[in-house]
Amino acid sequence: MEPDLESPIPGKEWRHPSDNWLRGFVLDNRASLGTLAVFIVMMAVFLAANPTVFTTWYLYSSVLTTLPVALFVVVPLVFVVTCGEIDLSFPATMGFASWVFSLVVQAGYDPFLGIAAALVTGTLLGFLVGSLVVYGGLSSLIATLGMNFLLRGLIQIINEGKSMALTSLSDSWAYKIFSSQVYGVPVQIFWAIAFVVLSAMLYNRHRFGAQVKVVGDNPDSAQQMGIDVKRVRVKVFVFTGIGAAIAGTFSVMINFTWWPTAGDGYLLPVLASVFVGGTPTWGGIGTVAGGAIGAVTVSFIQTGVVAAGLSGFYVQFFNGLIIILSLLGHKWNQARYR
Amino acid sequence: MKSEDPMTERIIELRDIKKSYGQVYALGGVNLRVDRGEVVGLIGDNGAGKSTLIKILSGVVRPTSGEILVRDRPVSGWSAARSREAGIETVFQDRALAVQQTIVRNIFMGRELTGFMGWLKVNKEIEEASRLMREIGFTSKVFTPHSIVGQLSGGERQGVAIARAIYKQAELIILDEPTTALSLTETAKVFHFVRQVRASGRSILFIGHNIHHVFDIADRFVVLDRGKVALTADRGEVKSAEELINFMEDVAHPGGLPGLHETGETGQRVR
Numbered sequence: 012m013e014p015d016l017e018s019p020i021p022g023k024e025w026r027h028p029s030d031n032w033l034r035g036f037v038l039d040n041r042a043s044l045g046t047l048a049v050f051i052v053m054m055a056v057f058l059a060a061n062p063t064v065f066t067t068w069y070l071y072s073s074v075l076t077t078l079p080v081a082l083f084v085v086v087p088l089v090f091v092v093t094c095g096e097i098d099l100s101f102p103a104t105m106g107f108a109s110w111v112f113s114l115v116v117q118a119g120y121d122p123f124l125g126i127a128a129a130l131v132t133g134t135l136l137g138f139l140v141g142s143l144v145v146y147g148g149l150s151s152l153i154a155t156l157g158m159n160f161l162l163r164g165l166i167q168i169i170n171e172g173k174s175m176a177l178t179s180l181s182d183s184w185a186y187k188i189f190s191s192q193v194y195g196v197p198v199q200i201f202w203a204i205a206f207v208v209l210s211a212m213l214y215n216r217h218r219f220g221a222q223v224k225v226v227g228d229n230p231d232s233a234q235q236m237g238i239d240v241k242r243v244r245v246k247v248f249v250f251t252g253i254g255a256a257i258a259g260t261f262s263v264m265i266n267f268t269w270w271p272t273a274g275d276g277y278l279l280p281v282l283a284s285v286f287v288g289g290t291p292t293w294g295g296i297g298t299v300a301g302g303a304i305g306a307v308t309v310s311f312i313q314t315g316v317v318a319a320g321l322s323g324f325y326v327q328f329f330n331g332l333i334i335i336l337s338l339l340g341h342k343w344n345q346a347r348y349r
Numbered sequence: 009m010k011s012e013d014p015m016t017e018r019i020i021e022l023r024d025i026k027k028s029y030g031q032v033y034a035l036g037g038v039n040l041r042v043d044r045g046e047v048v049g050l051i052g053d054n055g056a057g058k059s060t061l062i063k064i065l066s067g068v069v070r071p072t073s074g075e076i077l078v079r080d081r082p083v084s085g086w087s088a089a090r091s092r093e094a095g096i097e098t099v100f101q102d103r104a105l106a107v108q109q110t111i112v113r114n115i116f117m118g119r120e121l122t123g124f125m126g127w128l129k130v131n132k133e134i135e136e137a138s139r140l141m142r143e144i145g146f147t148s149k150v151f152t153p154h155s156i157v158g159q160l161s162g163g164e165r166q167g168v169a170i171a172r173a174i175y176k177q178a179e180l181i182i183l184d185e186p187t188t189a190l191s192l193t194e195t196a197k198v199f200h201f202v203r204q205v206r207a208s209g210r211s212i213l214f215i216g217h218n219i220h221h222v223f224d225i226a227d228r229f230v231v232l233d234r235g236k237v238a239l240t241a242d243r244g245e246v247k248s249a250e251e252l253i254n255f256m257e258d259v260a261h262p263g264g265l266p267g268l269h270e271t272g273e274t275g276q277r278v279r
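Keeping their order, the protein sequence lines are chains A and B. Those letters in the first sequence? Residues 12 to 349, per our numbering, in order. Those letters in the second sequence? Residues 9 to 279, per our numbering, in order.
Any given hint might turn out to be false.
[Stated by the list, open to error] Simulated crosslink set (DSS-like; lysine-lysine; CA at most 30 Å straight-line): (1) B:Lys132 to A:Lys241; (2) A:Lys187 to A:Lys173; (3) A:Lys241 to B:Lys63; (4) B:Lys26 to B:Lys176; (5) B:Lys149 to B:Lys129; (6) B:Lys132 to B:Lys149; (7) B:Lys236 to B:Lys26; (8) B:Lys176 to B:Lys129; (9) B:Lys129 to A:Lys241; (10) B:Lys176 to B:Lys132; (11) B:Lys236 to B:Lys63; (12) B:Lys26 to B:Lys63; (13) A:Lys342 to B:Lys149; (14) A:Lys241 to B:Lys176; (15) B:Lys176 to B:Lys149.
[Unchecked claim] Quick look at which bits of chain A chain B covers, simulated, 3 or more residues with Cβ under 8 Å: (16) 107 to 114; (17) 232 to 242.
Bear in mind the hints are in silico, worked out from the structure with no lab data behind them. Glycine included, C-beta positions come from ideal geometry on N, C-alpha and C.
Turn these sequences into a full structure, and let the hints guide you.
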């Protein structure tokens, strides 16, 4: 019996099944395009409810100031979830790294040095959390939750709840480069976009991303093929630590003040963004672009609900609605396997 | 039983391999050899020692005694690394692939083609994957190197695993029950790949307990029974799969098949 494997037509072989770049593009990016559709529909609803507010630049400007902070952690978390893990310790890492940044700045050193110190702190904390989970053989859900409390508790104990004002920051070069405005556009968003693009390339076009996906998909097979599975897992936690350090530093530079609770409010919105963005919970696949669009969506919910003339009580309801609708959409939109 | 041909290169040879786990002999003196460009069919019932033999060949398990020769040279300190150096790759059914990834990502799993600072050479990977897939006749208008493995059929997945083994410079590919869970069409696809691999001068050890499947594809049969080689026969020496089946039944139950009540009483077939 002859198999029904057809011999390819010379020159036409190995095209995408559809032989149509648009269909191929849609199929390859179905999750992030789905998220984009959710975002557009949501904005259309808000716009219909109150066109005047949504056509004023101020509203977008405020979202563009806070959104970058979320993006710096949403994107690494896409890697973590793809790898089959979860990291709930990033809010404390944000607080811890930005605390180190603030200490350095308050001591009179250049903020650039503070940023470097924050990055080192984030890297070390990420390594600590990752090693605990991977080499300690702990569940990442519980272990990182524990680390979040532990690190936050440490910050609270040492600072006794006191915040730090960094008034000298506004004159520094670091502030001008990372936190000022260019023609009314907050400059943070450009750094965040650069971060998202670089991370998307890491995810799709780099050995790191390739190995993260394979480890999340089938760790036994990855091990058998010579991938150091544990090392890859630790690396995604380190990446989150670095992202959290950048996010924490940016949030301090926006407010000129460091609070012992810095980063706390980001836990749930950031997690929601990852999953609204179309990265499934089971690992192996995900989308960085989708996660970024998810973060934009989540950031606009609060602003949008209030600006559309509804009371603040509606915010949580809309948050939940968007999450559930997105999950249903992604479930319907997923590739089906045999 | 087999005529010696001085021209053929011997990939691997096992001489009098024994393996015991405590008092129990899993293998009691097995001789096996695989030459370049041949498909050896290894047949045996459950518990005959097939999986122990595979583990020894892939270096995961060390034999208790016996000699292993790679290209006629005895190898001391046989290990998984030595096995890989000798070009032996084992393809396990199902478990080996990351099903949510593309064919390309599976073929290059752990050995990504990278350039500057670890960035993937995407086009080179596709080129190389296409070449490997063409080499084993694994081509279709329905899928491309970008297709997700989870959307391929069972036989096609074997093709991905075989292509990956070839990329790892395998000289001898051990296929562990490659057709057991497959339909006729899917089995035909796997056979197609196996023939292409043989045509490319590589060898295959095809393990199965469906004698019809093994009979259709193998150049030589090795029947394993209770840790010993019960029969080695060339393709030309066996007329039909039925002859093999009859032989195996004779080996398993000398003097005819026992009655059912007998089996129940002695419990011989209960393992």
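Here's how the hints hold up against the structure:
no.	hint	in the structure
1	B:Lys132 to A:Lys241	holds (28 Å)
2	A:Lys187 to A:Lys173	holds (27 Å)
3	A:Lys241 to B:Lys63	holds (25 Å)
4	B:Lys26 to B:Lys176	holds (29 Å)
5	B:Lys149 to B:Lys129	holds (24 Å)
6	B:Lys132 to B:Lys149	holds (21 Å)
7	B:Lys236 to B:Lys26	holds (9 Å)
8	B:Lys176 to B:Lys129	holds (18 Å)
9	B:Lys129 to A:Lys241	holds (25 Å)
10	B:Lys176 to B:Lys132	holds (16 Å)
11	B:Lys236 to B:Lys63	holds (16 Å)
12	B:Lys26 to B:Lys63	holds (13 Å)
13	A:Lys342 to B:Lys149	holds (28 Å)
14	A:Lys241 to B:Lys176	holds (23 Å)
15	B:Lys176 to B:Lys149	holds (26 Å)
16	107 to 114	violated (count 0)
17	232 to 242	holds (count 6)
Violation of the numbered hints given earlier is confined to hint 16; every other hint is satisfied by the structure.
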